[in-house]
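One letter stands for each residue in the lines below.
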Amino acid sequence: DTGVSQNPRHKITKRGQNVTFRCDPISEHNRLYWYRQTLGQGPEFLTYFQNEAQLEKSRLLSDRFSAERPKGSFSTLEIQRTEQGDSAMYLCASRPIQGASTDTQYFGPGTRLTVL
Amino acid sequence: AQTVTQSQPEMSVQEAETVTLSCTYDTSENNYYLFWYKQPPSRQMILVIRQEAYKQQNATENRFSVNFQKAAKSFSLKISDSQLGDTAMYFCASGELYGNKLVFGAGTILRVKS
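Protein chains in written order, with this note's numbering: chain A, 8 to 123; chain B, 244 to 357.
Okay, chain A solo, but in the shape it has when bound (with noise of 0.2 Å):
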């Protein structure tokens, strides 16, 4: 059984441009999650999904931000006009709907962005 796998590991861009990153979770994990991680801090939750629907977003995903799940298996972020604000670790985390682990969320490597 694969973990939750992230793609790319690591981006460097400069203020202004878009950067998408994708989020392949756990197969038959139908609940997806983003959570972003400054450094020396924990997680803050920004969207989570059940299936191909977007149920919650945090008030920290503004309008430049936006996430997909379009057949419920993989999810992408996209950055709009990056700020050097959005340096972060961006983790996806998926968990099961059944079994006897469906409160537990499994985490990806996470992407690493860096805004220049």
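Heads up, a few of these hints could be off.
Here are some, though not all, of the chain A residues that point toward chain B, as calculated from beta-carbon distances under 7 Å [said to hold, decoys possible]:
| id | residue |
| --- | --- |
| 1 | F52 |
| 2 | F72 |
| 3 | S94 |
| 4 | P116 |
Not everything, but these chain B residues come out facing chain A in the computed CB check (under 10 Å) [said to hold, decoys possible]:
| id | residue |
| --- | --- |
| 5 | N273 |
| 6 | Y276 |
| 7 | A336 |
| 8 | G338 |
In case anyone wonders, no lab produced these hints; they're calculated from the structure. Glycine is no exception: its CB is placed at the ideal position from the N, C-alpha and C atoms.
With chain A's structure known, arrange chain B on it following the hints.
Chain B alone, transformed into the frame defined by chain A:
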């Protein structure tokens, strides 16, 4: 809203000794879960241990155990027989039973010394 507080930014422990990491939380929910996650340097976050709030018995996983005090809203992690591989950032987190997100503390850096 849920909040999680970890008051120890850094801890050190000698190999083979025991260390306890503190966590307090606040929630208005009756049913919720509590978690400890471990994030080694430059590696992904993995679950260490979980506790259902409606269970009085403290969870244990091998060398890891928790002291869950529901009335005090306290959830500490005890690591016995510390190993060098335990060196990591440890995050305490809470999640509502039917909620959609985890709320994390700021983390505690644990260094195990040989």
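Out of the numbered hints, which ones does the structure contradict? Violated hints (numbers, rising): 2, 3, 5; every other hint is consistent with the structure.
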